[in-house]
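Trainee: Chain residues, written in single-letter form:
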Amino acid sequence: MSAPSQDNAVKGSIITRAIIYVVLILFVIYYLLPLYVMLVNSVKPLEEIRSGNMMEFPKVWTLEPWRAAWSYAQIGVEPSGLRPYFINSILMVVPAVLLSTILGALNGYVLTKWQFKGHGIVFGLLLLSCFIPFQIVLIPMARVLGFLGISGTIPGLVLVHLIYGIGFTTLFFRNYYAAFPTELVRAAQIDGAGFFQIFWRILLPSSAPIAVVTIIWQFTNVWNDFLFGASFSDFDSVPMTVALNNLVSSSTGVKEYNVHFAGAILAALPTLIVYIVSGRYFVRGLMAGAVKG
Amino acid sequence: MASLTIENLRKNYGATEVLKGIDIEIDDGGFLVLVGPSGCGKSTLLNTIAGLEEITSGDIKIGPKSVSGLHPSKRDIAMVFQSYALYPNMTVAQNISFGMEIRGIDKSEREAAIQKVADMLQIGELLHRKPSQLSGGQRQRVAMGRALVRDPQVFLFDEPLSNLDAKLRVDMRTEIKRLHQRMGTTIVYVTHDQIEALTLATKIAVLKDGYLQQFGTPAEVYNDPENMFVADFMGSPSMNLIEATVREENGKAAIQIAGDGAGAGDITLPANTPGLRDHMGGKVMFGIRPEALTDPEGADRTGADIIQQDCLIEVVEPAGSDTFAVTRLGGVEAIARLRADADIHAGQTAPLAFNMTKAVFFDPKTTARIR
Amino acid sequence: MKDRLQEWVPRLVLAPSFLLVLLFVYGFILYTGYLSMTDSRMLPSYGFVGLENYQKLFALRHWNTALTNLAIFGILYILISSLLGLFLAILLDQKIRAEGLIRPIYLYPMALSFIVTGTAWKWFLDPGIGLENVMQQWGWENFEFNWIKDRDFAIYTVVLAAVWQSSGFVMAMFLAGLRGVDNEIIKAAQIDGASGFRIYRKIIIPMMRPVFLSAFVVLAHLAIKAYDLVIALTGGGPGRATELPATFMYSYTFTRNQMGIGASSAIIMLIMIFSIIVPYLYSELKSGEQK
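Chains as they are written, first to last, in the working numbering: chain A, 12 to 304; chain B, 83 to 453; chain C, 12 to 302.
Certain hints may be false.
Derived pair list, reagent style DSSO-like, types lysine-lysine, alpha-carbon separation capped at 30 Å [to be verified]:
{"#": "1", "chain 1": "A", "residue 1": "Lys128", "chain 2": "B", "residue 2": "Lys447"}
{"#": "2", "chain 1": "A", "residue 1": "Lys128", "chain 2": "C", "residue 2": "Lys160"}
{"#": "3", "chain 1": "B", "residue 1": "Lys285", "chain 2": "A", "residue 2": "Lys128"}
{"#": "4", "chain 1": "B", "residue 1": "Lys249", "chain 2": "B", "residue 2": "Lys102"}
{"#": "5", "chain 1": "C", "residue 1": "Lys297", "chain 2": "A", "residue 2": "Lys266"}
{"#": "6", "chain 1": "C", "residue 1": "Lys297", "chain 2": "B", "residue 2": "Lys290"}
{"#": "7", "chain 1": "B", "residue 1": "Lys334", "chain 2": "B", "residue 2": "Lys156"}
{"#": "8", "chain 1": "B", "residue 1": "Lys143", "chain 2": "A", "residue 2": "Lys128"}
{"#": "9", "chain 1": "A", "residue 1": "Lys128", "chain 2": "B", "residue 2": "Lys102"}
{"#": "10", "chain 1": "B", "residue 1": "Lys334", "chain 2": "B", "residue 2": "Lys102"}
{"#": "11", "chain 1": "C", "residue 1": "Lys297", "chain 2": "B", "residue 2": "Lys102"}
{"#": "12", "chain 1": "A", "residue 1": "Lys266", "chain 2": "A", "residue 2": "Lys70"}
Calculated from the structure, these hints are not laboratory results.
Looking at chain A on its own, in the form it has when it is part of the complex:
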C-alpha cells in the first residue's frame, strides 16, 4: 500500500470534494461504531445498558466487567473468566505459527531454487490445500488425533493448525523467493556453499519482510480460528474464541452484556495490536493471499 499516490483524482468543485469527505467520514463511523459500542458498554454497569442507551457514555464508569471477563465470569461450568483460555490460545498459537513459518520458508526455498521434476504439482497440491472447506477434514481428523493420543490437547491443536497453515506459508515464501535472484544461489554454489548454508547465509538474512508477513498472517488466522477450536479442544485446551462464544451464548442466568463486550475486546486485542503495530505487513499478507501465481 505504499504505492505513490498518482493523479487519478477527479477534479471537481469544492462541493464535490466536501461530499466526498462527508461520505468517507460516514463510513469511518460505520466501521468504528461496533468497536465504540463494545468499548463504551464494557465500562458501564449492566443496569445502565438495560435501561439506558447503548450509544451514550456511561454515567457510572466501572472496570468490573473487565475484571469479570478476565478472571471470574462463568464459562461453561467453570467461573474462571477468560484468562486460562487466553493462555491456551497463546500456548497454541506460538508453536503453530513458528513451526508452520519455518516449514513454509524451507518449502518455498526448495520450490524455487531447487526445482525438481514435478515441483509444479507439489506446489499446486500445497496451494489448493489452503482453500478446502475444513468441514471436510473434521471427521477423519478427530479420529487421527484420537489415534495419536492427542485429541483434546493443545499439541493436537498445534498439529492441526500447523498442517492447515503449511499451504499459505509455503505460498508466501515461494512467491517471495521466486523473485529472489537465482544467480545468488548459483554464485554461492560456486563458492562451495551447500543446501542449508545457502538458505541460512544467503536467503534467510533477506527474508525478514516475508517472515513478518507470514507470522502475522498465521498468528491472525490461528488466533481467530473457531472451527478447529470448537471441534478438537477439551475442557483444559479450549482456545479464546471458543471460550468467548461459550461466554456470550450461555443460556443460563442473566445476559451480562458488559462482560461480553469486555470479553470480546480481550479476544480481539492481540490481533488488533498486531494490526495497529504492523498494519502494512498485515495488508501485504492479505494481498498475497488473494493474488496468487
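Given chain A, put chains B and C in place with the hints provided.
Mentor: Using the frame of chain A, we list chains B and C on its own:
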C-alpha cells in the same frame, strides 16, 4: 591456468534439445567468447561448464581432467554473473571471502587475499560497504574481485556488462581485456553483443538454436563467415545480403543484381569465387559489408577488384566518423559506409565502389558459404 | 557420493510437509468421500450405501434452507462487498488528506475474529438493548429493527456483519489496483479530453478486471466456509433460519449423529469451492509461468 575442451556436448530439457553436439577447444590462456541471439544456448553452455546445469551427453575437460559430474565448487572455476549476484546482506569484503570462509580458510589468510584483490581492482575503500551502497560499475568490480580471489583455472563471465550504461560498458570492456592480458587466465565469456565478442575474444564461438555455427578467431568470423547467419549476426551495421544471379561474362563468372524496374537498371559484377561455377544460371546470396561498399574516393585503393556502379541514394545518415548511405540493391535496402565528409544527398544518384575482393557468396537454400 | 546426497536433500526437506498435506488434506478428502457413501451415524461405520446419503441430503428441508441461505448470503455478500469496496477505493483515491488515517479504520475489522464481530453485532442489532432501543430513546418511537429475531430477515443481518468485516479488505485490493494503473494511460485519456468519473468508468474500472476476479474468488471462498460468524451472531437461528452448509455439516455430524449425511454435505461444500478455486488457480499459475 588450463585449456578447456568441450566434446560433443548435448543438453536436453525433457524432450527439447538446447545444445546439439557442441565441440570447442581453447588453449590455455585463451579468451573464448560465446555469442549468439537470445535463446541460442550460450548461457546454458556456460552453465554446463560451471556445473550449474548437468549435461546430457558429451564431456567437458579443464586441462586434462574431465569435470562433468563435479560440483561447481570443485571445478576450479570462478564466475561473474550478469546481475553480479553479490550477496546483499554481506559487505564487499565478506562477499569476496565467502567462498574461502566456506572452505574453512583462516581469517588472516582471507584478509590477505581480500587486500590483494582490492588493490588490484582499486576497491579498497569499498570493502566495508554493502552492495546496495555501490554504483553499477563498483558492483561489477566487486563481482570480478570475488572471482579473482579464487585464482581459478578458468573464469566464466555471463554477460557481465549488459547491465551497465554505454560509456561504462566500454570502459569495463577495456578493463577486462587488460586484466586478461595481465593474468593470462583462460576466460569463457558469454555475450549477445557482437562488438564485445570481436573486441575481447581470441576465439569466438557463434551459436544459434543450439548449434555451433562457426568457431574461429574474430578475423575469421568477421571476414570469412561460414554461413548467412554468422555473416548477418557479426558486424554493425550488418552485412548486406542481396539476391543475385550467377552469369557467364567474357568466360568468367559474374553476378547480376536485378534492378527495380524503374530508375535503376541491372548491375553486373565480376566474381572470382570458384564455387560459383556450380551455381551458373542459378540464384545466390551476395554478401558485402558496408565498408566494402563506399564512395570511390574512400575505397581501399589496394583492392584488386573495385567496381564502380551508380546507385540511387535513398537515405543519408551522418554518424560522425562515417556517413552511412542507404541504397536499394536487388529489391532490398543496402547500406554503404562512406567517408564522413563524402558529398552525398538523398535522392541523388551517386557512384559507389564495390570492393569485390571482400565479397562473399552463400547458397540461398542451405545458407552455407560458397567458396 | 556426497554430491548425490546433496541432490536428494531438497526433496527430503520438502517431503514432510508434502506428506502431511497429502495425508491430512487429500487422504482425508478421500476418507470423507468414502464415509459419505456409508451408513455412518455417531461413529464411522463401513456399510456401503452408495449415493443414498446424497439423496437424503437433498431431500432434507434443513439442507435446502442452508443452500438457499448460502445463495442469498453469498450473492449479497459478494456484490455489496465488491461494490462498496470499489466505491470506497475510488473515493480514497481522490488525494484525500487523511487517507493514512481513514484506510486503516476501514480495514481493521479484517483483523478481528468472526466470533468477536458476531458478538458485537449480535448485541448491537438486538432489539432490546441495541439499535432499535437507541433510536426509540432518541425519539423515533416507532423505529423498528428486529431483523435478527425475524426468521425471514435474520440472514440479512449475517450479510450486514460480514460486509462490515470484509469490505475494507476489498477496498484495499481495489486501491492497490487503482494505484497500479499506468499513469501514462490516464494522462493519455486526459489529453483525449476524458475527465473525472468518465476516466474511471471507461478506462480504469475495466482495467480492474483481475481485481474483481480475485475479490470474487476470495469472497466466494469465505462465503462458502462461513461458519463462525453465524454461530456467534445468530447460532443458526432463529430456529434454523440462518443455517448455512457449514453449520449444517457440523450439527448433523456432531450433534445429530448423522455422520454419513454430514460427510456428504462436506463433499458438496468442497465441490462448490473447488469449482471456483481450481479454474482460478489454474489460470493464475499458467499466467505466472508465462511471465
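Trainee: Verify the proposed pairing of Lys334 (chain B) with Lys102 (chain B), using a straight-line Cα cut of 30 Å.
Mentor: The given pair, whose Cα atoms are some 41 Å apart, is violated under the 30 Å limit.
Trainee: Is Lys143 (chain B) close enough to Lys128 (chain A), meaning Cα to Cα at most 30 Å?
Mentor: Given that 30 Å is the threshold and the Cα spacing comes to 28 Å, the pair holds.
Trainee: Sort out whether Lys160 (chain C) lies within 30 Å of Lys128 (chain A), counting only the CA atoms.
Mentor: violated, 57 Å
Trainee: Can the restraint linking Lys297 (chain C) and Lys102 (chain B) be considered satisfied, given a maximum Cα separation of 30 Å?
Mentor: holds, 29 Å
Trainee: Holds or violated: are the alpha carbons of Lys297 (chain C) and Lys266 (chain A) at most 30 Å from each other?
Mentor: The hint is violated at about 54 Å.
Trainee: Please verify whether Lys266 (chain A) and Lys70 (chain A) have alpha carbons no more than 30 Å apart.
Mentor: Within the cut-off at roughly 20 Å; holds.
Trainee: Need the status of pair Lys249 (chain B), Lys102 (chain B): alpha-carbon distance at most 30 Å?
Mentor: Between Lys249 (chain B) and Lys102 (chain B) the Cα gap is close to 36 Å, so the pair fails against 30 Å, i.e. violated.
Trainee: With a cut-off of 30 Å on the C-alpha distance, tell me whether Lys128 (chain A) and Lys447 (chain B) pass.
Mentor: violated, 40 Å
Trainee: Tell me if the straight-line CA distance from Lys334 (chain B) to Lys156 (chain B) falls inside 30 Å.
Mentor: violated, 60 Å
Trainee: Is the hinted pair Lys128 (chain A) and Lys102 (chain B) satisfied, with a Cα-Cα distance of at most 30 Å?
Mentor: Holds: Lys128 (chain A) and Lys102 (chain B) sit about 22 Å apart, inside 30 Å.
Trainee: Going straight from one Cα to the other, do Lys285 (chain B) and Lys128 (chain A) come out at no more than 30 Å?
Mentor: violated, 37 Å
Trainee: For the pair supplied as a hint, Lys297 (chain C) and Lys290 (chain B), confirm whether the alpha-carbon distance does not exceed 30 Å.
Mentor: OK: Lys297 (chain C) and Lys290 (chain B) at ~28 Å, within 30 Å.
When held up to the earlier numbered hints, the structure conflicts with 1, 2, 3, 4, 5, 7, 10 and fits the remainder.
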